[in-house]
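Chain A is fixed; fit chain B onto it per the hints.
Chain order of the listed sequences is A and B.
Each step along the first sequence adds one to the number in numbering that gives the first Met the number 0, with nothing skipped, and position 210 is 209.
Each step along the second sequence adds one to the number in numbering that gives the first Met the number 0, with nothing skipped, and position 277 is 276.
One thing to keep in mind: the hints can contain errors.
[Said to hold, decoys possible] No more than 25 Å apart at the CA atoms, straight line, and that leaves these computed lysine-lysine pairs for DSS-like:
| # | chain 1 | residue 1 | chain 2 | residue 2 |
| --- | --- | --- | --- | --- |
| 1 | B | K278 | B | K172 |
| 2 | A | K146 | B | K243 |
| 3 | B | K278 | A | K146 |
| 4 | A | K72 | A | K143 |
| 5 | A | K143 | B | K278 |
| 6 | B | K203 | B | K234 |
| 7 | B | K172 | B | K420 |
| 8 | B | K219 | B | K240 |
| 9 | B | K376 | B | K337 |
[What the hints assert, rightly or not] Here are the computed distance ranges between Cβ atoms for each label pair:
| # | chain 1 | residue 1 | chain 2 | residue 2 | range |
| --- | --- | --- | --- | --- | --- |
| 10 | B | F281 | A | D56 | 36 to 46 Å |
| 11 | A | T139 | B | E327 | 24 to 34 Å |
| 12 | B | S252 | A | P159 | 30 to 40 Å |
| 13 | B | G230 | A | G156 | 39 to 49 Å |
None of these hints come from the bench; they were simulated from the model.
This structure is a prediction, so every number in the text was calculated from the model and none was measured.
Ideal Cβ positions, reconstructed from N, Cα and C, are used throughout, including at glycine.
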Amino acid sequence: MGWVLEPETKKLLAAAGVAVPIYRWARNLEAAIQAGEEIGYPVVGKVVSPEIIHKSDAGGVVLGIESERALRKIFKQFSKIKGFAGMLVEETLSGIELIVGAKSDYQFGPVILVGIGGTGVEIYQDTSIRMAPITDRDVTSMIKGLKAHKLLEGYRGAVPIDMEVLARMLIQFSEWVMALEGYFESIDLNPVMCSRTGCVAADARIILPVNQR
Amino acid sequence: MLNLQPLFRPESIAVIGVSLTNDRHPANVIFNKAHLRSPVKVFAVNPKGGEIQGQSVYPTVSDIPQSVDLAIIAVRSEHAPDVLDECIRAGVGGATIISGGFAEVGRQDLQDRMVTSARKSEFPFIGPNCLGIYAPPQVDTFFLPAERMVRPEPGNVALVSQSGGVLVDQLVKFANEGVGLSKAISIGNKALINELDLLEFLIKDQDTRVIAFYIEGFGKNQGREFVQAAGRCPKPIVVLKAGKTPGGQRAISSHTASLAGDYTVFSAVLAQYGLVEAKNEFEMLSFCESLSYYNRSFDGNIGIISPSGGHAALAVDVCAGHGLSVPELSEPVQKNIKDRLSTSVRGIATLRNPIDLTGSAVDRDFAVAAEGLSRAKEVDAVIVLLLPYSPGISSDLGARLSQMFRGTGKPLVAYVPHLEKYRMLIEGFEFNQIPVSSSIEGAVLMVEALRRCRPC
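Bound conformation, chain A alone (with noise of 0.2 Å):
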């Protein structure tokens, strides 16, 4: 298998220091019920398994679970997708949301990418990329580079985002993936959401390099 499955990978997050959202890794029935009452409806429901990579494809992904009742009905659904290996089962997030990436670049090594993203991303491919380690100067270069940036900084009455979180968020990530070098081959964070109240990498996808596949 070609990359790290997502409930793994958000632990290696937390450890680096990247928020992501309480979730729990439920492997049969009754866990993803406990899980949807410690956590609290509505959740976000999305399949494990190592065999499917975009998983919004495979209708892996399910927003606004209301319910124990919706949450069983979620549960059987993806148990018929292919190499189900049980439900991450998360708390749902609001807000903007951005792609946080990293690339190991044969030129330049390990670079990061921040943007618009979410399902749309190569659609808007509105983006900008540095190479890492980067520094508050970058952050802001990388911000006012964007088409979107004014969604951010506050739009038409929206509240802005948490700039600070997400400028360190992005050299923390930037840091983490210098340390990183070589084992990997590119890291999606995709959606990042962000808010008033901070930026979490709502889903994450560690892409290995060929030859440790």
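Below, chain B alone, put in the same frame as chain A:
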């Protein structure tokens, strides 16, 4: 740390691989040029010995009766490693290896042998598979006959290129546009000496103010080393990257890998470290030109002076396309200029910015407008568009504008159509330190280069 002095300031040169029968062999072209035109002593080497051009041909470099600083190696690739070793044994200072037939055709082994030998003895060599070094008057290792080469004037821009052909083309452009050259280096396969090594050398080179690179690609992690060194460099660096469109795509499995393509990353990282990226050869030319005259960065507000409203409007459009703003001048500034214009122009000129002086303008009107802009806070740099057809303009204009602008610290660039009959007018600018572009786009690019240049 390799010592590159013997490559650029040799006092003696050996050309290894001359032909005794074919006078048009590349090695012979190099030998003839050096023999007839260079102030440096040059020797010919061929195992068969004999004589060419009335000069002895030595069987090996060790047979040469004096020490050799630079060896130009043009033998078949299979023989090159042995010839290199012979040079090292004979105490030669360095080499350029012109021959092809190495890694680019699958003979990495021959190339690696030379690199190993050279590293062990700290022997510098450029190439293989390259044109080598053009550092007049002492060194010209290009195998292009003298009468076919187009030579730029001496100046302060150095060019380093992975492609010999592109390098020569750029020299032609430099010559046509009047941009001066300090050194041109074709690095070919860059087996031992690469862009980073030359960057470090050129940072210390007194004759060089601007360092320009044509790059096809960096080796593993070498891009990182290069930009980090470039970030510390006090001189402006211009880079033109070839091969922007992606070749074969690996199976992409992450959004980041898909969004951060090789060229996108290259471009972003260069900007991050303050290098000026040229998108094509034309930008490369204009960027080198203005950076060779000016060394101050500025913030992007332009003043435009023109005798033609149409040209002025074109210039405003080009500025907008580059994100350069052309702000309106305040009333007092406009009035100050207007009051001093000549009577025939005063009533018909428009002064909001762009300043359209009309075709009746004389030298003095340009000078007054330029002086007004030099003191206007709204504007940080000035573009003068000149159409020399108007009867009121003389070839002294360049000198006058330069005198006035020199003390202000604001960059001034000019557009003058590059026609032979206006050579005197153009030189009036250039010899007085104002760069002149042959197009409006070029003039705007010259200003853009200053804005992007971080060490400036």
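Non-conforming hints, listed in increasing numerical order: Of the numbered hints given earlier, the structure breaks just one, which is hint 4.
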